[in-house]
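Starting from the given sequences, assemble the full structure and let the hints guide the process.
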Amino acid sequence: TFRAPLGVAMAAGGVLYVADTGNHCVRSLRLGDGSAQAAGGGTTTVVGRCGEPGSDGGLLREPSAVLWDDSRDELLIADSGNGCVRALHKGNLTTVFGRCGGGNASALRRPVALALDVWATDLPTAARREAVGQRSADWALFVSDGGRIVRVDAGGGAAVVAASEWGRYRAPSRAARARASLAAPLGIVARSAPPDALPS
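Residues 1 to 200 (the numbering used here) make up the sequence shown, in order.
Honestly, the hints are just simulated from the structure, not real lab data.
Ideal Cβ positions, reconstructed from N, Cα and C, are used throughout, including at glycine.
FRET-style restraints, in silico, Cβ to Cβ:
1. Gly157 to Arg30: 34 to 44 Å
2. Ala162 to Leu31: 31 to 41 Å
3. His89 to Arg49: 15 to 25 Å
4. Thr1 to Gly155: 35 to 45 Å
5. Gly57 to Arg3: 18 to 28 Å
6. Gly13 to Thr45: 17 to 27 Å
7. Glu52 to Val160: 24 to 34 Å
8. Gly155 to Phe2: 35 to 45 Å
9. Arg30 to Arg99: 25 to 35 Å
Right, dumping it as structure tokens:
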């Protein structure tokens, strides 16, 4: 059974991935006619060992979000308790950004949501799939991370694009702080249409 699942992502072929946060694993269900149809009629654990938190050897700690990257046929995972973002590709788990288990030394604090800018590149999907070993130079992943939004690029560089930084100086008022800063964003979404299709 699930234990406090927080994130879901739909992949090709009707496969639904679930971040089973309380069980420290990611599971999948194959959907058909609105019902779950998997081996044995239940769920399949795709990464992590349910009930065993960790940081090495494919173990997760409180994964909170999953995101399917169709351009690379891989699953991105916000490994919240380990302070990193991971990718599951053909059964192999790698770290995309952050230092898993790094705690306060990690580049991320506690990632809880992911958004991929699928239109950050002009290459068509087929061409992106043929790119071996690396993402497009214009690839962009956004991470909601403890009161801030972090943008990660293909080369591993990162920049904070929005944050709550009022602790560094005195804000004019409580209302101004609420209007101008982020508290604890739990969800984000990137644009889902090419730039020239967006309203001006």
